[in-house]
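These protein sequence lines are chains A, B, C and D, in that order. Quick note: the first sequence uses the numbering used here, first residue 1, plus one each step. Quick note: the second sequence uses the numbering used here, first residue 1, plus one each step. Quick note: the third sequence uses the numbering used here, first residue 1, plus one each step. Quick note: the fourth sequence uses the numbering used here, first residue 1, plus one each step.
Note that these hints are calculated values from the structure, not bench results. Some hints here could point you the wrong way.
Computed cross-link-like contacts, DSSO-like style, restricted to lysine-lysine with a CA-CA straight-line distance of at most 27 Å [what the hints assert, rightly or not]: (1) C:122 with A:389; (2) A:386 with C:54; (3) B:139 with A:112; (4) B:386 with D:122; (5) A:91 with B:112; (6) C:114 with A:386; (7) A:389 with C:114; (8) C:7 with A:376; (9) B:254 with B:215; (10) B:386 with D:114; (11) A:331 with C:114; (12) B:112 with A:112; (13) C:54 with A:389; (14) D:99 with A:53; (15) A:124 with A:160; (16) A:376 with C:54; (17) D:54 with B:391; (18) B:139 with B:216; (19) B:91 with A:91; (20) C:99 with B:215; (21) D:99 with B:331; (22) D:54 with B:392; (23) D:122 with B:389; (24) D:44 with B:376; (25) A:391 with C:54; (26) D:92 with B:331; (27) C:44 with A:376; (28) D:44 with B:392; (29) B:331 with D:114; (30) D:44 with B:389; (31) C:44 with A:389; (32) C:125 with C:54; (33) B:139 with B:167; (34) A:112 with B:216; (35) D:44 with B:386; (36) C:99 with B:53.
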Amino acid sequence: MREVYLDYVATTPVLPEVLEAMLPYFRDAYGNVQSLHNWGDKAREAVEGARGKVADLIGGEAEEIIFTASGTESNNFAIKGLAMAQQSKGKHIVVSAIEHFSVLHSSRTLEKWGFELTEVPVDKYGLVDPDKVARSLRKDTVLVSIMHANNEVGTIELIKEIANVVKQSGAIFHTDAVATAGTIPIDVRELGVDALSLAGNQFYGPKGVGALWLKKGVRIMPFLDGGVQEGGRRAGTEDVPAIVGLGKAAELAKAEMGARAKRFSALRDRLIAGLPAGIEHVTVTGHPTRRLPGNASFCVEFIEGEAMLMLLNHQGIAVSSGSACTSRALKASHVLIAMGIPHEIAQGSLLFSFGLDSTVGDVDYVLEAMPPIVDKLRQMSPLYSKFLKDKKGGKK
Amino acid sequence: MREVYLDYVATTPVLPEVLEAMLPYFRDAYGNVQSLHNWGDKAREAVEGARGKVADLIGGEAEEIIFTASGTESNNFAIKGLAMAQQSKGKHIVVSAIEHFSVLHSSRTLEKWGFELTEVPVDKYGLVDPDKVARSLRKDTVLVSIMHANNEVGTIELIKEIANVVKQSGAIFHTDAVATAGTIPIDVRELGVDALSLAGNQFYGPKGVGALWLKKGVRIMPFLDGGVQEGGRRAGTEDVPAIVGLGKAAELAKAEMGARAKRFSALRDRLIAGLPAGIEHVTVTGHPTRRLPGNASFCVEFIEGEAMLMLLNHQGIAVSSGSACTSRALKASHVLIAMGIPHEIAQGSLLFSFGLDSTVGDVDYVLEAMPPIVDKLRQMSPLYSKFLKDKKGGKK
Amino acid sequence: MPVYNEKVMDHFMSPRNVGEIDNADGVGEVGNPVCGDMMTFYIKVDDNHISDVKYKTFGCGAAIAVSSMVSEMAKGKTLEETKKITPALVAKELEGLPKNKYHCSNLGAQALNKAIDNYLKKQGKEGKGKKRGKK
Amino acid sequence: MPVYNEKVMDHFMSPRNVGEIDNADGVGEVGNPVCGDMMTFYIKVDDNHISDVKYKTFGCGAAIAVSSMVSEMAKGKTLEETKKITPALVAKELEGLPKNKYHCSNLGAQALNKAIDNYLKKQGKEGKGKKRGKK
Ligand SMILES: Cc1ncc(COP(=O)(O)O)c(C=O)c1O
Ligand SMILES: Cc1ncc(COP(=O)(O)O)c(C=O)c1O
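Here chain A stands alone, though its shape is the one from the complex (with noise of 0.2 Å):
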């Protein structure tokens, strides 16, 4: 059976120039960054190459850079840290509403911390507003976080808009770049943010990598407590493997980042006409234009996305949804619900990502598969069943 995977924005495979990077770590060079002799050497010079590289990837300096295993954890210790770093000026913080749950579960951790939190809403095409971001700015707000660019919907945020209204607020401005780094042009101080999360596994690195950057200057307190790890800021034994292989995929992702984004945007362009003209009662969501090149994302109507998953997958398509029934938390999307998509059309969602194996034939292999997908699913709808006879019953 012929095997798509669409589900690059899920994770991405590791390319053979990063685990070939990596290797060495393992069981030649494997010594510990913080060790006095050869060993530590050899790790600790691995390390500093790498930091080198995810900075240039996203304009900064090496030393601003900071080692996390993962997006969440990024996430999780710019918004713990840095609040809690300012919480004398004010606990007062913002987010999207459509904020990664990394984000938005350690906002409201923060809460029963006793911050106040303010969720900006979106458009309906997952855009925040900057106005919207000012008017909610207040005297005591220490953090604003606003994703660069949403996973599910694809839609690219206007940062560098609502840094400058943060910046006269004199709040500290972090942005979720897991979706973006590697994928689009970053550089942080065009952008003019105080703090960057992004992850490996996004972009042809390792799973089990993450860093924040964070402006020179910017105090932020330790999530992870122990040794003096990454200057003191992030405690634990240097997954030195891992990071040599995010340096890499950084680098590659720098030197190839136009010639992807256009064969991925390309690709996209082609499933976003194709889909809705197969298929009756298909839009796309997410933004006309501000859109992820890989991103191609849809709600399929009267029927449920995990459903429309086990099908496609069973014609070797892997790709992902925001149902209710897909989530172990068993709820709609909150990025689909909160851009004002009623919650049974947000059941039918479906994500189709591409990635560098992704062909014009993948694209096609989609639009043949999926007409009788929907097809069947409909046919077992109730919903669909009602929605053709209020039809011929002249309803609606």
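Starting from the structure of chain A, add chains B, C and D with the ligands where the hints point.
Relative to the frame of chain A, chains B, C and D with the ligands by itself:
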């Protein structure tokens, strides 16, 4: 030049079988554990297999294992997460004075959050007296954390006895087993603990992965907020290759533990006997019998650890020290100080640790290399000249 | 490690008895699309036995498999026997469901029950026992 | 990436001027083993010049390299010139030290200074200028 790595306590190399087990998960079965398709299925299968193996290593159940990114994270999670989950019952916690910084500093963070902390002292061998733990317990004690063995001096604590004492009080008992898991036998039921931390890079597994074993029914607050991974208790995309590596390392450690320990302790005993015999004013630190198989730790009087490390490294020998100069914080090991060793003697700390590649030849090489190094540094040492003058003058 | 076992997958891929019954003796609808699952069961009753059963289901793999299994379990049974189809029995017949999908087996049994209640209620209206001889 | 550069390593591996001066004109001791570093500098002064300098050092690689460098820098200089040996100059001559080792370069300059102060104090006691012609 001969290269002799005797710093297995800092970190271990990854075994070939472990790396081999990991490799398929970087580029082939690279899916996200949470994905509902074949790629996700394969990742899930791998992670669940590893969970069983890690549980087996310590006599726990698979569903009691929560994967983390390090021993440090396991300890932060345990200390903060367990204390916070019990805070309605009381706000007093107890740790020993020689805990790893990831436990000690987490406890001090809890102090800032309104908890009270008692640090139980140790004897000159680094042993925690169960009676002293008993006396430290109060009605509002909710958490006790005593490490299974100390990584710096190798002393194995009386965990079973302490667990008995803690159980009577109703407090939760956590043990940091990062230095022991995979090295000496552990049966969590027999030990009588409620939670236990371990880390892969201490027993030939990869860096960047650890686990917290948490007894069924014990409540914990998530430390990493975000997605629903690990049953909602630890968010972040699962690091599948690292988890698989941890599982394989656990399997191998369980099978080979006895043979390894026998080899390591023979090397340890040879060095512990030989070094003080060959050099005056060298003392062994830690317990004479309750001791990790691979740990040989010393204090060399009148000279400082970093300088010894550098001269040893020049001879190709890699070891650790607990001297102030080798710590970034420029403080002598809190472990040695807690054992009542005077600061100036603690500065001469040296820690040799044996592992799978260690040989009798390595020990003999050390025994040959050490005397001229000590001699050279003592010739430069103002403390040594004073000592000699005092001796000559008949003083002391 | 697939989320669903083979039996569940079989019922999901080839659901039995899908459809509607035009002049159903009883109809039961449970769930709603907001929560992600919705089922409508249709039954025909003949001589106190379920002579036909069909359903339409909006929902996840488990919801569809459960609907299919419930329809199979009900077919040909007396109303009393059918009432004894518990969620646990449905899950057992499916050889297990993931924990977070248990609620789907509840829904299936509920929908069938509602259809029977609906039938009984109609019966009551039309006069007790009247429907017995009907075909 | 070694912690110390080659120049520091050279002075650490082959420290210059190690030792004591039996009838030193000035002795300066700084630090203590509790903090991890301790240095004792001995100087001979001849016609207002440092004619000989020796030291003993307990401490890390940086402390030893710094002692060695300070001794080299001081040798043959006038007391006034020697007083101008700042920690920054020592670090510069060593082509840099790790940040957390800066304090070692302080210690070296301090110990030398203390030795000079000790000499000057002794001079004062023995009568101003008296020592000038001494050999
Ligand atoms: C926007 C965004 N932020 C944060 C994360 C969390 O990253 P991880 O699961 O690697 O910890 C993700 C993961 O997909 C993401 O898409
Ligand atoms: C006893 C003990 N606990 C915790 C840790 C922390 O482990 P890691 O540095 O892998 O996070 C160590 C590390 O050596 C240790 O020895």
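Going down the list of hints, with the structure as the test:
1. C:122 with A:389: Roughly 24 Å between the alpha carbons, so the hint for residue 122 of chain C and residue 389 of chain A holds.
2. A:386 with C:54: 16 Å, holds
3. B:139 with A:112: Holds, because 26 Å separates the two Cα atoms, which is no more than 27 Å.
4. B:386 with D:122: 23 Å, holds
5. A:91 with B:112: 17 Å, holds
6. C:114 with A:386: 19 Å, holds
7. A:389 with C:114: Cα-Cα ~23 Å, so holds.
8. C:7 with A:376: 20 Å, holds
9. B:254 with B:215: Holds: residue 254 of chain B and residue 215 of chain B sit about 21 Å apart, inside 27 Å.
10. B:386 with D:114: 19 Å, holds
11. A:331 with C:114: OK: residue 331 of chain A and residue 114 of chain C at ~25 Å, within 27 Å.
12. B:112 with A:112: 16 Å, holds
13. C:54 with A:389: 18 Å, holds
14. D:99 with A:53: 23 Å, holds
15. A:124 with A:160: 21 Å, holds
16. A:376 with C:54: 16 Å, holds
17. D:54 with B:391: Holds - the C-alpha atoms of residue 391 of chain B and residue 54 of chain D are around 23 Å apart, at most 27 Å.
18. B:139 with B:216: 24 Å, holds
19. B:91 with A:91: Roughly 24 Å between the alpha carbons, so the hint for residue 91 of chain B and residue 91 of chain A holds.
20. C:99 with B:215: Given that 27 Å is the threshold and the Cα spacing comes to 20 Å, the pair holds.
21. D:99 with B:331: Satisfied, since the Cα-Cα distance of roughly 16 Å is no more than 27 Å.
22. D:54 with B:392: OK: residue 54 of chain D and residue 392 of chain B at ~22 Å, within 27 Å.
23. D:122 with B:389: Distance of about 24 Å is within 27 Å: holds.
24. D:44 with B:376: 24 Å, holds
25. A:391 with C:54: With Cα atoms ~23 Å apart, residue 391 of chain A and residue 54 of chain C stay inside 27 Å; holds.
26. D:92 with B:331: Distance of about 26 Å is within 27 Å: holds.
27. C:44 with A:376: Holds, at roughly 24 Å.
28. D:44 with B:392: It holds: about 26 Å lies between the C-alpha atoms, which stays within 27 Å.
29. B:331 with D:114: Answer holds: residue 331 of chain B to residue 114 of chain D is near 25 Å, not above 27 Å.
30. D:44 with B:389: Given pair residue 44 of chain D, residue 389 of chain B holds - Cα atoms ~22 Å apart, limit 27 Å.
31. C:44 with A:389: Measuring from Cα to Cα gives roughly 22 Å; hence the hint holds.
32. C:125 with C:54: This hinted pair holds, its Cα atoms lying about 24 Å apart.
33. B:139 with B:167: 13 Å, holds
34. A:112 with B:216: Distance of about 26 Å is within 27 Å: holds.
35. D:44 with B:386: Holds. Residue 44 of chain D to residue 386 of chain B sits at ~21 Å (cutoff 27 Å).
36. C:99 with B:53: 23 Å, holds
In summary, the structure agrees with every hint in the numbered list given earlier.
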